[in-house]
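Q: Read off the chains here:
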Amino acid sequence: MLKVIDSAVPVACWSCAVAHNDATLFCPHCSKIQPPPGGDYFSVFGLVPHLDLDLSELEHEFHRLSRKLHPDRFARAAENEKQWSLADTALLNDAYRTLKEPIHRTEYLLKLHGAAISEEHSGKDRKDPSRVPADLLEEVFELNMQLEEMRTARKMGETDAELQASLEQAKRKFDGLMDEVDHDLRVQWKKWDEGDAGARAAAQKALVALLNRRRYLNNLVRDVTETLGA
Amino acid sequence: MAEGRVVGIDLGTTNSLVAYMQGEAPVVIPGVDGSNLVPSVVALDPMPAGGGRPTVTVGNSARKSLIETPERVIYSVKRLMGRGLEEVQSELKLFPFHLANDVEAGEVPRIQLGELRFTPSEISAYILRQLKRNAERFFGEPVTQAVITVPAYFNDAQRQATKDAGRMAGLDVLRLVNEPTAAALAYGLDRAKVGTIAVYDLGGGTFDISILKLRDGIFEVQSTNGDTHLGGDDIDNLLLAIALDEIHAEHGIDLRKHPSAVQGLRKDAIDAKIRLSTEAVARFDIELPNGDRYQREIPREVFEQLIEPVLERTAGPCKQALADAGLTPEQIDEVVLVGGSTRIPAVRKLVDDLFHLAARGKKPHIELNPDEVVALGAAVQADILAGSSKSTEEMLLLDVTPLSLGIEALGGTVARIIQRNSTIPASATEHFTTGVDGQTNVAIHVVQGERELAADCRSLARFDLKGIPPMSAGLPRIEVRFLIDADGILKVSAREQRSGQAARIEVKPTYGLTDEQVESMILDSFDHAEEDFAKRLLIEARNEAETILTAVERAPQSPAWQQLRGEEQAAITAARDRLAQIKQGEDAAAIRDATLALDQATRRFAELMMEAAVTTAIRGKTMEDAGEELGDAVTAPHPMAQAEFK
Numbered sequence: 034m035l036k037v038i039d040s041a042v043p044v045a046c047w048s049c050a051v052a053h054n055d056a057t058l059f060c061p062h063c064s065k066i067q068p069p070p071g072g073d074y075f076s077v078f079g080l081v082p083h084l085d086l087d088l089s090e091l092e093h094e095f096h097r098l099s100r101k102l103h104p105d106r107f108a109r110a111a112e113n114e115k116q117w118s119l120a121d122t123a124l125l126n127d128a129y130r131t132l133k134e135p136i137h138r139t140e141y142l143l144k145l146h147g148a149a150i151s152e153e154h155s156g157k158d159r160k161d162p163s164r165v166p167a168d169l170l171e172e173v174f175e176l177n178m179q180l181e182e183m184r185t186a187r188k189m190g191e192t193d194a195e196l197q198a199s200l201e202q203a204k205r206k207f208d209g210l211m212d213e214v215d216h217d218l219r220v221q222w223k224k225w226d227e228g229d230a231g232a233r234a235a236a237q238k239a240l241v242a243l244l245n246r247r248r249y250l251n252n253l254v255r256d257v258t259e260t261l262g263a
Numbered sequence: 155m156a157e158g159r160v161v162g163i164d165l166g167t168t169n170s171l172v173a174y175m176q177g178e179a180p181v182v183i184p185g186v187d188g189s190n191l192v193p194s195v196v197a198l199d200p201m202p203a204g205g206g207r208p209t210v211t212v213g214n215s216a217r218k219s220l221i222e223t224p225e226r227v228i229y230s231v232k233r234l235m236g237r238g239l240e241e242v243q244s245e246l247k248l249f250p251f252h253l254a255n256d257v258e259a260g261e262v263p264r265i266q267l268g269e270l271r272f273t274p275s276e277i278s279a280y281i282l283r284q285l286k287r288n289a290e291r292f293f294g295e296p297v298t299q300a301v302i303t304v305p306a307y308f309n310d311a312q313r314q315a316t317k318d319a320g321r322m323a324g325l326d327v328l329r330l331v332n333e334p335t336a337a338a339l340a341y342g343l344d345r346a347k348v349g350t351i352a353v354y355d356l357g358g359g360t361f362d363i364s365i366l367k368l369r370d371g372i373f374e375v376q377s378t379n380g381d382t383h384l385g386g387d388d389i390d391n392l393l394l395a396i397a398l399d400e401i402h403a404e405h406g407i408d409l410r411k412h413p414s415a416v417q418g419l420r421k422d423a424i425d426a427k428i429r430l431s432t433e434a435v436a437r438f439d440i441e442l443p444n445g446d447r448y449q450r451e452i453p454r455e456v457f458e459q460l461i462e463p464v465l466e467r468t469a470g471p472c473k474q475a476l477a478d479a480g481l482t483p484e485q486i487d488e489v490v491l492v493g494g495s496t497r498i499p500a501v502r503k504l505v506d507d508l509f510h511l512a513a514r515g516k517k518p519h520i521e522l523n524p525d526e527v528v529a530l531g532a533a534v535q536a537d538i539l540a541g542s543s544k545s546t547e548e549m550l551l552l553d554v555t556p557l558s559l560g561i562e563a564l565g566g567t568v569a570r571i572i573q574r575n576s577t578i579p580a581s582a583t584e585h586f587t588t589g590v591d592g593q594t595n596v597a598i599h600v601v602q603g604e605r606e607l608a609a610d611c612r613s614l615a616r617f618d619l620k621g622i623p624p625m626s627a628g629l630p631r632i633e634v635r636f637l638i639d640a641d642g643i644l645k646v647s648a649r650e651q652r653s654g655q656a657a658r659i660e661v662k663p664t665y666g667l668t669d670e671q672v673e674s675m676i677l678d679s680f681d682h683a684e685e686d687f688a689k690r691l692l693i694e695a696r697n698e699a700e701t702i703l704t705a706v707e708r709a710p711q712s713p714a715w716q717q718l719r720g721e722e723q724a725a726i727t728a729a730r731d732r733l734a735q736i737k738q739g740e741d742a743a744a745i746r747d748a749t750l751a752l753d754q755a756t757r758r759f760a761e762l763m764m765e766a767a768v769t770t771a772i773r774g775k776t777m778e779d780a781g782e783e784l785g786d787a788v789t790a791p792h793p794m795a796q797a798e799f800k
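So the protein sequences, as listed, match chains D and X.
Residues 34 to 263 (our numbering) make up the first sequence, in order.
Residues 155 to 800 (our numbering) make up the second sequence, in order.
Pulled out of the complex, with its shape left as it was, chain D reads as follows (with noise of 0.2 Å):
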């Protein structure tokens, strides 16, 4: 059964009264939970929006704050508190579920930032030839191919070992080109964090690139392994 639930936002804490900003979850005065607070996933863990996260750490304050904010803590607690409990916990894992997620984080920041992140492709996007990286338009038209013709063989009932160690080793090399890309992520993850306006936003077209190229890559991978898998 669904419920309506309500997220008014107020600036004074509910309890002391005490005015403070809106980005906080606990009170800073009377340490009372407040309603979900304004701002960005990287401020509910006190960080300013950077790349190069420190995953353990991330880690620690997500157990840090879920032992203060979870609704475990609030279940015979007034009904307002409940409620906040259950919105902020809320906004802890979204945050945290898009934070230790290197590929999830780096287009949550670039969105941040105003940039265009084009959405999931569905499989029909993938054979339209514009959206193939240029430098792989041979590669992945044979491997479509091979693709093809090895469906048609399953659904035969048949088996073609050529065809299958072909797909395998077109496997290997695009999990080596996915590596190659993390790599290159992480070093315009640096540039981004530590660079000057004009190196940032050079980082951030680097980085839109790398993203849309990885999950180009990340589709076929999967389609491979479905198939071989199949």
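Just so you know, not all the hints are guaranteed correct.
Have a look at the derived ranges for each label pair, beta carbon to beta carbon [stated by the list, open to error]: (1) D:Lys144 <-> X:Ala597: 26 to 34 Å; (2) D:Gly79 <-> X:Leu239: 48 to 56 Å; (3) X:Ser543 <-> D:Gln197: 57 to 65 Å; (4) D:Thr185 <-> X:Thr482: 31 to 39 Å; (5) X:Ser543 <-> D:Trp47: 23 to 31 Å.
In case anyone wonders, no lab produced these hints; they're calculated from the structure.
For every residue, glycine included, the Cβ atom is placed at its ideal position computed from N, Cα and C.
Dock chain X against the given chain D, drawing on the hints supplied.
A: Positioned in the frame of chain D, the structure of chain X alone reads:
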């Protein structure tokens, strides 16, 4: 404690239990019959002669009615919880229950039981009320708050139906906890561990696999998977089908037309299944209505071949859960086995293969009773929520949603907005707009599942965003927030951003009861009033006293009585007379103390009776003959315990 206790409840397909935290350890609260397990069986007593509502019995006493009045008994109702009409219809093919004939599509299906109809939530509420009463009897005070466990793979509707059942039973359900996670809590309590564990939970009707990371008291679920239609029931049905088919073929009798015969046979099938966990062969030896005997041997190899397809269905979810957690089998440090079906050797072998345990010199954890471990974990979670104990204050459970949440997009595809295995509470915000000038309504269809098409997913709800200020097409910007709470249940809110108006939402759940319906189904219990509560305790105490007094009354006729020393006989007589006298009074606690005293005094006598019964049987008499001589004592370990249904 000012706020009262929070108990942990395992509302199982086959058996249900209630447990609480006794100091630093969770313990199961036994029922009046001394048994920790309350069979999840609900029976409707005969219609009272003067009209009115027949009373409802639950547990062991209801099981007796399975053979006598099968049309008035229901079991395994958990399989029907939160399900739509079509699903219930296909489920019922395997069970002897019937839908009420006036059920309409879109309504919550009702089961016909004798003269009355019940929703699955109401049936579950009767089981919950029994557990609540067992706990109240145990504590001598009202119990109103509980944690209830559900299969991790339960969807939104199944969870909501469970919560509704709690409310109908007069319980404030503080949290729904996933069963495998609860088991992990029970195991994790006494050892502050760091590591990755997998919980394989094969119960009576559901299968779950959960993978958790333990660290500094935080139990963080990484992934979960399962099948809410897979369990010991399916194994019973396979054995049952063999027997029914062979009886039909060899003896020309179609027992399927005789519900009570099927129930008898089901019990034989379950017994055979249980025997095959420890023995190499089990036998069917059944007297048929025409006097013929159906005799059949089932060697363990045959049984294992038979159930292989059922067990194999647990492998896929395990592999998916590993993949979702990004782990290989070698990275799982420990595997915990939960659920009665994990006693089957073939299940243990499958788990060993899946997680490469023996190869790594490891064994699955079976130290805690697989029937009780979930209830024990629920008690731990109840203690965490009560927030009143040192032993659990460092513990916190971070669970996930088992299924992706999506909304139906153009062309019937699903746009996923919260991925499966997201830590809950989790939320997602989506923006909607209008397609036509002046449009004031937008319809949204929410689904749960992993399939690409909305039609293949589980429909959760359809709702209308209403009262959108009339604007040009595409101009309104309606923000809808989807939030999955800590129970795994969806909540939705919406607002139109340009006008700042909170859009009105009329949510129509695809399956489920409205608040008003739940309200009207609250069991007409007198649990709330203190006075009535005291009255009920007194009645229960007197009933218990009556049971033991009747048993003791017959004692001098038993040969075992002569084996007692004079002072033992005198002690029993004194305790008996004391109880008989106190029973007349109004003090429930005093009656229970006196009952306990008589119980203590007769303990050796009960042992002697058991020995006598065994000796009689060895002399060539059947247990049944011996039972007639000795009353209830043969099947009951002690006069206090009521006879178990055999």
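Q: Compare the structure with each hint and give your call.
A: Status of the hints after comparison with the structure:
1. Checked against the given bound of 26 to 34 Å, the beta carbons of lysine 144 (chain D) and alanine 597 (chain X), roughly 28 Å apart, stay inside it.
2. Separation of glycine 79 (chain D) from leucine 239 (chain X) is about 51 Å and conforms to the stated range, judged on CB atoms against 48 to 56 Å.
3. Under the hint 57 to 65 Å, the C-beta atoms of serine 543 (chain X) and glutamine 197 (chain D), about 59 Å apart, fit the expected range.
4. Hint check: threonine 185 (chain D) to threonine 482 (chain X), Cβ distance near 32 Å, so the stated range 31 to 39 Å holds.
5. Between serine 543 (chain X) and tryptophan 47 (chain D) the beta carbons are some 29 Å apart, a value that agrees with the proposed interval 23 to 31 Å.
Checked against the numbered hints given earlier, this structure breaks none of them.
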